Amino acid sequence: MTAVEAPVAPMPTAPTEAATPPPVSTPRPLGLAGWPRVVRTLMMMFGAAVALGVAYTSPDRLLPESRNEWLLWASAAGLLGALSGSTVGSGVARWHDLQQIQHVPVRRVVSSILVFLVLVAGAVAAAHAILGRGLTWRFGVFLGIVILGALPAGATLAGLRVVAMRGLTGTPGEQLAALMRLRRILTRVLQMMGSLLLVLVLIGAASVGWGSSETIPQSTALVIGAAGSILIALMHIPSATLLRRRCQVYVDEFSDIAHVSKADLITAAEDRIKLEEILGVNRTSLSELQSGLVIIGPLLATSIAAVIPKL
Numbered sequence: 007m008t009a010v011e012a013p014v015a016p017m018p019t020a021p022t023e024a025a026t027p028p029p030v031s032t033p034r035p036l037g038l039a040g041w042p043r044v045v046r047t048l049m050m051m052f053g054a055a056v057a058l059g060v061a062y063t064s065p066d067r068l069l070p071e072s073r074n075e076w077l078l079w080a081s082a083a084g085l086l087g088a089l090s091g092s093t094v095g096s097g098v099a100r101w102h103d104l105q106q107i108q109h110v111p112v113r114r115v116v117s118s119i120l121v122f123l124v125l126v127a128g129a130v131a132a133a134h135a136i137l138g139r140g141l142t143w144r145f146g147v148f149l150g151i152v153i154l155g156a157l158p159a160g161a162t163l164a165g166l167r168v169v170a171m172r173g174l175t176g177t178p179g180e181q182l183a184a185l186m187r188l189r190r191i192l193t194r195v196l197q198m199m200g201s202l203l204l205v206l207v208l209i210g211a212a213s214v215g216w217g218s219s220e221t222i223p224q225s226t227a228l229v230i231g232a233a234g235s236i237l238i239a240l241m242h243i244p245s246a247t248l249l250r251r252r253c254q255v256y257v258d259e260f261s262d263i264a265h266v267s268k269a270d271l272i273t274a275a276e277d278r279i280k281l282e283e284i285l286g287v288n289r290t291s292l293s294e295l296q297s298g299l300v301i302i303g304p305l306l307a308t309s310i311a312a313v314i315p316k317l
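Under this note's numbering, think of the first position of the sequence shown as 7, with each following residue one higher.
Hints were generated in silico from the structure; no laboratory data involved.
Note that this is a predicted model, so its numbers are computed, not measured.
Just so it is clear, CB atoms sit at the ideal spot from N, CA and C, and this is done for glycine as well.
There could be a bad hint or two in this list.
Label-pair restraints from in silico Cβ distances [as the list claims (entries may be wrong)]:
# : residue 1 : residue 2 : range
1 : Gly138    : Val255    : 48 to 58 Å
2 : Glu180    : Ser297    : 54 to 64 Å
3 : His109    : Pro223    : 23 to 33 Å
4 : Val255    : Leu78     : 33 to 43 Å
5 : Leu154    : Arg67     : 53 to 63 Å
6 : His109    : Ser225    : 38 to 48 Å
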């Protein structure tokens, strides 16, 4: 009798999992899209049209000997209007970026905006006392265009100061990312305001020495640039100072080298220095103003050149 071997049952195999397709990420659009872009373009066109309309009212455009100077002055005015409209859109976008980092109610920045407007009124009164006829009603309209363009950027600076005073929450990485974004917002807002001031000074300089403006003092551009730089500094320095202090607190909290072993001390110190450079802890308010306001350098050079002969 032969033994019949029982058939061997096949070993169960684990079901093969279907290959998981890699996640498909939708590319994020850059800049404004849709209606915001259209509105921003319309604001640029409207600002340029208003500024050119004001320049067109000048009687000097009809004088053959002043035609070229008027064209240069009117071109600068149109550039100022378009830039002001663009700055409104950029300022609103930076305010939106700030709200994504931390919500800031509008009521928290209203007082800062009112103080800024009061300072502007005081600066205009002081400039009028110095220049006299140098500040015509047309230049007053140009100044109003600049102020309207700078209001969203000024509100963003005030909101940034509120965020810096409050502090940030989250993991160390989340806080670092937020601080870096705040630094970028601060830099962009300063550059926007500096561009508006530069074109405004250009208009003041282009209006001197021709047509009915021959009586305007040669120091018009210098006075306008100095007053505008002081106003921007009064808005920028408090926000920049508080943000640097907040960055310093972050560095002290998450990059403390006091309790690092001797073997790792050099590496820890290098990491701390890199972190301080990323967050701009060692920068000064004057260096930031010089990099953001292109006009600061020429103003300082002109002032020094005027003072040195009197020493």
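Comparing the hints with the structure gives:
1. Gly138 - Val255: 48 to 58 Å: Check passed, 49 Å falls within 48 to 58 Å.
2. Glu180 - Ser297: 54 to 64 Å: violated (28 Å)
3. His109 - Pro223: 23 to 33 Å: violated (48 Å)
4. Val255 - Leu78: 33 to 43 Å: violated (50 Å)
5. Leu154 - Arg67: 53 to 63 Å: violated (25 Å)
6. His109 - Ser225: 38 to 48 Å: holds (45 Å)
Checked against the numbered hints listed earlier, the structure breaks hints 2, 3, 4 and 5; every other hint is satisfied.
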